[in-house]
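Peer 1: Make the full structure from the sequences, and use the hints.
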Amino acid sequence: LHDALPILSLLTIGNRGGPSRHRSLHATVDWSYDLCTTEEQILWARLSVFSGGFDLHMAENICAGAPVDASRILDALSGLIGKSVLQRTVDDGRIRFGMLETIRQFGASKLTAEERSDLSIGHLRWCADLVRATRRSWTGSDQVQATRRLRENRANLRAALQTALTDSTHETLDLGSNLAAMWFLWSSAFSVREQRMWVTEFLARDGVPDDVMPRLQATLGLLQTMQGERTAAVGTLNAAVQTAREHGDDATLAFALQTQGLNTYLGGDFVTGERSLSDALSLYDAHPDITDLMWTAHIEMGMLCSSNGETRRAADNFEFVYTQASATGEKWMLSYAVYGLGLVALVRGHHDEAIALAIEALELKRAFDDTVGATLVTDLLAWAESAAGSGERAAVLLGAASSMWDSFGAQLYGSEHWVQRREVYESRARATLGEKAYAVAHRRGESLSMAELIGYALGERSQELKEASSDPTSRLSPREMDVARLVAEGLSNREIADRLVLSVRTVEGHVAHTLRKLGIARRHQVALSPAFTAAGRT
Numbered sequence: 008l009h010d011a012l013p014i015l016s017l018l019t020i021g022n023r024g025g026p027s028r029h030r031s032l033h034a035t036v037d038w039s040y041d042l043c044t045t046e047e048q049i050l051w052a053r054l055s056v057f058s059g060g061f062d063l064h065m066a067e068n069i070c071a072g073a074p075v076d077a078s079r080i081l082d083a084l085s086g087l088i089g090k091s092v093l094q095r096t097v098d099d100g101r102i103r104f105g106m107l108e109t110i111r112q113f114g115a116s117k118l119t120a121e122e123r124s125d126l127s128i129g130h131l132r133w134c135a136d137l138v139r140a141t142r143r144s145w146t147g148s149d150q151v152q153a154t155r156r157l158r159e160n161r162a163n164l165r166a167a168l169q170t171a172l173t174d175s176t177h178e179t180l181d182l183g184s185n186l187a188a189m190w191f192l193w194s195s196a197f198s199v200r201e202q203r204m205w206v207t208e209f210l211a212r213d214g215v216p217d218d219v220m221p222r223l224q225a226t227l228g229l230l231q232t233m234q235g236e237r238t239a240a241v242g243t244l245n246a247a248v249q250t251a252r253e254h255g256d257d258a259t260l261a262f263a264l265q266t267q268g269l270n271t272y273l274g275g276d277f278v279t280g281e282r283s284l285s286d287a288l289s290l291y292d293a294h295p296d297i298t299d300l301m302w303t304a305h306i307e308m309g310m311l312c313s314s315n316g317e318t319r320r321a322a323d324n325f326e327f328v329y330t331q332a333s334a335t336g337e338k339w340m341l342s343y344a345v346y347g348l349g350l351v352a353l354v355r356g357h358h359d360e361a362i363a364l365a366i367e368a369l370e371l372k373r374a375f376d377d378t379v380g381a382t383l384v385t386d387l388l389a390w391a392e393s394a395a396g397s398g399e400r401a402a403v404l405l406g407a408a409s410s411m412w413d414s415f416g417a418q419l420y421g422s423e424h425w426v427q428r429r430e431v432y433e434s435r436a437r438a439t440l441g442e443k444a445y446a447v448a449h450r451r452g453e454s455l456s457m458a459e460l461i462g463y464a465l466g467e468r469s470q471e472l473k474e475a476s477s478d479p480t481s482r483l484s485p486r487e488m489d490v491a492r493l494v495a496e497g498l499s500n501r502e503i504a505d506r507l508v509l510s511v512r513t514v515e516g517h518v519a520h521t522l523r524k525l526g527i528a529r530r531h532q533v534a535l536s537p538a539f540t541a542a543g544r545t
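Following this note's numbering, the numbering of the sequence shown begins with 8 at its first residue and continues without gaps.
Keep in mind the hints are simulated off the structure, nothing from the lab.
A quick note: this is a predicted structure, and the numbers were derived from the prediction, not measured.
Glycine included, each C-beta is placed from N, C-alpha and C at the ideal position.
Take these hints with a grain of salt, some might be off.
Lysine to any residue pairs mimicking SDA-like chemistry, simulated, CA-CA at most 20 Å apart [claimed, not checked]:
(1) Lys90 x Phe104
(2) Lys90 x Tyr40
(3) Lys443 x Gly421
(4) Lys90 x Leu63
Quick list of the computed label-pair ranges, beta carbon to beta carbon [what the hints assert, rightly or not]:
(5) Gly59 x Ala417: 50 to 58 Å
(6) Gly441 x His531: 39 to 47 Å
(7) Gly59 x Lys117: 14 to 22 Å
(8) Gln152 x Lys117: 49 to 57 Å
(9) Arg529 x His254: 32 to 40 Å
(10) Arg451 x Gly89: 48 to 56 Å
(11) Ala239 x Gln532: 36 to 44 Å
(12) Asp174 x Ile527: 56 to 64 Å
(13) Gly441 x Glu108: 35 to 43 Å
(14) Gly466 x Asp41: 23 to 31 Å
(15) Arg79 x Asp323: 51 to 59 Å
(16) Ala239 x Ser499: 49 to 57 Å
(17) Ala334 x Arg529: 21 to 29 Å
(18) His531 x Arg355: 30 to 38 Å
Peer 2: Here it is as C-alpha cells:
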C-alpha cells in the first residue's frame, strides 16, 4: 500500500503538464468512484489490501465491518463488478476477484493510516491461518486443493510477510516468522530461493519470538541443503539442534536432525547420515502427529539405502510412505515414494520398471509447484532411459534436469556421489547418440518449460501433432506397444507382468498411459483398434 503514493499523486492530483491520457485516466477512475454507493466506495478502499486477487471468503473475513457487514459484501462486490472496478474470473469452478493496480492504489488512497494498518494486520492473520490450515491438510486428501490455495494467494502471502517485517510488533513478527518457517512452502507457494530470502529476513530481525527461532534455523538448513550449500547448512543445523534442545522442542529437534542426516549423506558420509536420520525417526515415533516430516525422513532414509546398495531396506522405507500416503489420499509425498521405488528398480537393473515409476511420479508432480522434486524425478527418468538404450530421450531429459537444477541451486544438491552416478548414464547416452546428436538433444531439453518437460516425459504431443497423426499407436513407446498387444489378446495385468517380467504395478502404469494416449477409456477397446486386430498383430 505504501508504494501507491507515486502513482496516486497522478490519479488524485493530476499531472497538468503530462500526457492527456494520464488526465483521462484520473478522470475515469474518479468518475467511477463517484458513481459508487457509499458501501461500494468503502469496500473498494478496503479491498486494496489484497495483492493478486481474492475470493468472497477472503473479502468477508478481512474487509467486513460497519457500515459494510459480511452479509452485504457480496452485493457490494456485484456493484463494483458492474462498474468495472473489479474483474471476476472463474477457474475450475472457483470464483476470484481482482482489480487493476492503478484502481487498487486509488482505493488505498482513500484509507487513513490507521485503517491501512488494521487491514494489513487482519490480512496477515488470515494468511497465517491459511498456511496453518494447509499444514493440517498436508497429508490428507485435501492436499491438492490446499496447495492450490497457496499458489493462487502467492502475492497475498508476500504482502503479508512484508507487513510483518514492516510493522515489527510482537504479534506481526510472531505471525510472519511462523508463516515463513513452514518447511514445505518451497514446494507450493514460493521458490526455494524466495523462501530462503524470507526465512533469512526473519532470522536477522530483532523481536522474533524465541520459540520460532529453531524452526526458522531448521528450515533454512533444509533450503541450504537443497541448494547444495552443505558447509553453510552444517552451521545452521547445528544451531537449530542446539536451540531446539534448549527449548525442549522435540518436533523441531527431529526436523533438524533429519536434515542433518540428509546433508551429511549427500556429502558422502553415509554412516553419520544414517545415524542422524535414525535419531529423527525415533523422535517422530514419540510424536505420531508429525506425519509429514516423518514421511520425508523415511524417503531420505530410502535414498541413503539405495545409494548403499541396500535395496530391500530402501524399498521398505519407500513402501511405508507409499502405503500410508495412498491410504489418506495424499499425493505429494506419494510422488516421492513412487520416485523412490523407481530408484530401487534402477539400482536393481529393472530399467523398464524404473521408467514407468518415474513417469508416474512426474504425473503426480503436476498438481504442485515442486521444482526440486520434479527435477530429481527427471534425472531418474533420464538415467533409466539411458540404461534402456533410449539415448535421445535420455539426452533431452538430462538437459532439462540440468537447467532446472541451475534454477535453484547446485546440480544434484551438489552431491559428488550423485553427480558421479549421473555421469555414468550420461556417458551411455553420449555413446549411443554420438557427441553431436547428444549436444543437440541436450540443448533441446534445456529449453523446455516445466509443462513442456512433463508433456515430453509422458509422451504427450501438441494438439496439432495429435491431429496430424492418423495412427494413434505412433504415440506409444515400444514397451507400451508390447503391453497394448497383450491387453488386446485379453491378458490380465498379472499375466502381462509374468509374460514381460515386470511388476504388476509397472504394468498398471503402462496400461493407464496406453489408454490415455490411444484416447480410450476401457481396456477392451484396445482390441477394437485396427492396429491390434488379429490381422494387424505381429
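Peer 1: Now look at each hint and say whether the structure bears it out.
Peer 2: Verification of the hints:
no.: 1; hint: Lys90 x Phe104; in the structure: 14 Å, holds
no.: 2; hint: Lys90 x Tyr40; in the structure: 9 Å, holds
no.: 3; hint: Lys443 x Gly421; in the structure: 27 Å, violated
no.: 4; hint: Lys90 x Leu63; in the structure: 18 Å, holds
no.: 5; hint: Gly59 x Ala417: 50 to 58 Å; in the structure: 31 Å, violated
no.: 6; hint: Gly441 x His531: 39 to 47 Å; in the structure: 43 Å, holds
no.: 7; hint: Gly59 x Lys117: 14 to 22 Å; in the structure: 21 Å, holds
no.: 8; hint: Gln152 x Lys117: 49 to 57 Å; in the structure: 35 Å, violated
no.: 9; hint: Arg529 x His254: 32 to 40 Å; in the structure: 57 Å, violated
no.: 10; hint: Arg451 x Gly89: 48 to 56 Å; in the structure: 49 Å, holds
no.: 11; hint: Ala239 x Gln532: 36 to 44 Å; in the structure: 56 Å, violated
no.: 12; hint: Asp174 x Ile527: 56 to 64 Å; in the structure: 58 Å, holds
no.: 13; hint: Gly441 x Glu108: 35 to 43 Å; in the structure: 52 Å, violated
no.: 14; hint: Gly466 x Asp41: 23 to 31 Å; in the structure: 58 Å, violated
no.: 15; hint: Arg79 x Asp323: 51 to 59 Å; in the structure: 58 Å, holds
no.: 16; hint: Ala239 x Ser499: 49 to 57 Å; in the structure: 53 Å, holds
no.: 17; hint: Ala334 x Arg529: 21 to 29 Å; in the structure: 27 Å, holds
no.: 18; hint: His531 x Arg355: 30 to 38 Å; in the structure: 33 Å, holds
Of the numbered hints given earlier, the model fails hints 3, 5, 8, 9, 11, 13, 14; all others are met.
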